[in-house]
Each structure stands twice: as structure tokens, then as C-alpha cells.
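Chain by chain, the residues:
2 protein chains.
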Amino acid sequence: MTAKPVNLTEALQSFTEVYSPRIVARMNDYDVRVAHTRGEHVWHTHADTDEFFLVLDGRFDIAIREADGHEHTVVLHPGDTYVVPRGTEHKPSSPGGSILMFEPTGTLTTGDAVAGEIPAHVDSTAGHDLV
Amino acid sequence: MTAKPVNLTEALQSFTEVYSPRIVARMNDYDVRVAHTRGEHVWHTHADTDEFFLVLDGRFDIAIREADGHEHTVVLHPGDTYVVPRGTEHKPSSPGGSILMFEPTGTLTTGDAVAGEIPAHVDSTAGHDLV
Numbered sequence: 001m002t003a004k005p006v007n008l009t010e011a012l013q014s015f016t017e018v019y020s021p022r023i024v025a026r027m028n029d030y031d032v033r034v035a036h037t038r039g040e041h042v043w044h045t046h047a048d049t050d051e052f053f054l055v056l057d058g059r060f061d062i063a064i065r066e067a068d069g070h071e072h073t074v075v076l077h078p079g080d081t082y083v084v085p086r087g088t089e090h091k092p093s094s095p096g097g098s099i100l101m102f103e104p105t106g107t108l109t110t111g112d113a114v115a116g117e118i119p120a121h122v123d124s125t126a127g128h129d130l131v
Numbered sequence: 001m002t003a004k005p006v007n008l009t010e011a012l013q014s015f016t017e018v019y020s021p022r023i024v025a026r027m028n029d030y031d032v033r034v035a036h037t038r039g040e041h042v043w044h045t046h047a048d049t050d051e052f053f054l055v056l057d058g059r060f061d062i063a064i065r066e067a068d069g070h071e072h073t074v075v076l077h078p079g080d081t082y083v084v085p086r087g088t089e090h091k092p093s094s095p096g097g098s099i100l101m102f103e104p105t106g107t108l109t110t111g112d113a114v115a116g117e118i119p120a121h122v123d124s125t126a127g128h129d130l131v
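From first to last, the protein sequence lines are chains E and Y. Going by our numbering, the first residue of the first sequence is number 1, and it counts up by one from there. Going by our numbering, the first residue of the second sequence is number 1, and it counts up by one from there.
No wet-lab data here; the hints were simulated from the structure. Errors might be hidden in some of the hints.
Each pair may be met inside one copy or between any two copies, as identical chains are not told apart.
[Stated by the list, open to error] The calculated EDC-like cross-link candidates involving lysine to aspartate or glutamate, where the alpha carbons are at most 16 Å apart (straight line), are: (1) Lys91 / Asp129; (2) Lys91 / Glu66; (3) Lys4 / Asp61; (4) Lys4 / Asp123; (5) Lys91 / Asp31; (6) Lys4 / Asp68; (7) Lys4 / Glu40.
Please build the complete structure, drawing on both the sequences and the hints.
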């Protein structure tokens, strides 16, 4: 439960790490998280949940690998929303920016099936509390 | 599932009605909705769900009536997020603006317990699809 309002700009200013989401609100058994984005994330899949993205600033791309192996990239700008369906292999990347995500509490940033090693600049986490 | 990105600004420009949410994305059994806000909403309660608000533009106030009858108002500006806990009687109002909401699919704008008549400018709906 949120006792008082949380401003997204202030939340983003409270940390600098990229791909290391902070939980700005909890509702039911879901988290609202914000993250700075820069560089390549990692190919991963969430078997059991869709994942909602809203771009707050900059640009955020999501490479999608279809079941047939075909890849395409969704390019997102501020104000753009996109849902990656459960079970869909995807890899975010960004020249720099910030995003808001909505996902079930406990969902890992790297999903439950990662292709390859997790790069050092990607935090494998279910989100951190704001401090 | 969202097949392609939906931009929140374009979504809001596609309709003018206040307090009549449009569904911009679906993820799992939740909706992401946007709405224009202006004037007084109505006191209501969602018994079974929290409700997440993000102010996109303008100002959005949420009057909260505690279980002991005490009332206070949360004043929200762009970028502010707030969660109204389930079972909490609340009444939004706004001098004008727009908001984003997360809530379970099927959640009514007027909840499941309304105090008094629903004003004509408030649409009692589980959200409309974008057209």
C-alpha cells in the first residue's frame, strides 16, 4: 500500500543504476517499478506473466523473437506503452532513458529463462525498494 | 495482448469525455486505462482491489474517508503516483487533467459501493476500448 504519493521524476533521481528497477508502488500482488535504461539487456522470457512497459524518457527498444525464430524490434518513445506477452523471448536495449513497468511482485528483471550470461550492467532482481 | 505500441498522448487525443476511461493495454487480467479528469467524481469503494493512479497532466485530487470517518485529500500533480487501498472510500476530483490507472479487468469506475447518485458526467464503466 502507498501511504503517500510517489513522484516518478523524484524516484528516478534517487538512484543512477541502469536496469535496476525501483518499486514505486504496490497494488494487489503487483509492483509498479521504474528503471533507468542504457545499453543492451539480455534475451529472456517470463513464462507466466505479461510485462507492461511505459517509456518515460529517452528511447527504449524491445527485440522480440517469435516462436518461429523470426526477430523484430519494437521502438518506443516517451509516452509509448507496450505489452510483451508471457512466454515471448525478448531483449530490451536503449541509447538512454527511463521506463515504468507493471508486473507481478516477484517477477525477475531477467525472467525465468535467460539466453547466455547476464551482463554486469544488468541487475537480476525482483526490484528494490526506494530509499 | 498489445500487438503494437499505444502512445498515451495519442490515446488521450482520441476522445474527449471526462471520467470515461479508455483501455490502452491489457496485461494478464489487468487493464491499463487512461482518462480525462474534470469536476467531481463520486464517493465509492472497491471492496476487492487496490487502485493505482499516475497523473499524466493537470491536477488530480483524491478525497479519502478513513474507517473512522475522518476525511483528507491527496493532491496529485503530473508524475505523481498513488494507490488507493481496497475497501477505502474515496472521491476523485480535478480542475482538469488526465490520469493513467492500473486495475483488474472488469473494475468499475464507480466501484461496487457508491454513496449517492452517479453524476451525469461520470461514466460508470469497466473501461472502453480505444477506437
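Original post:
Of the hints stated earlier, which fail here?
Top reply: Those not satisfied are hints 1, 4, 5, 6 and 7.
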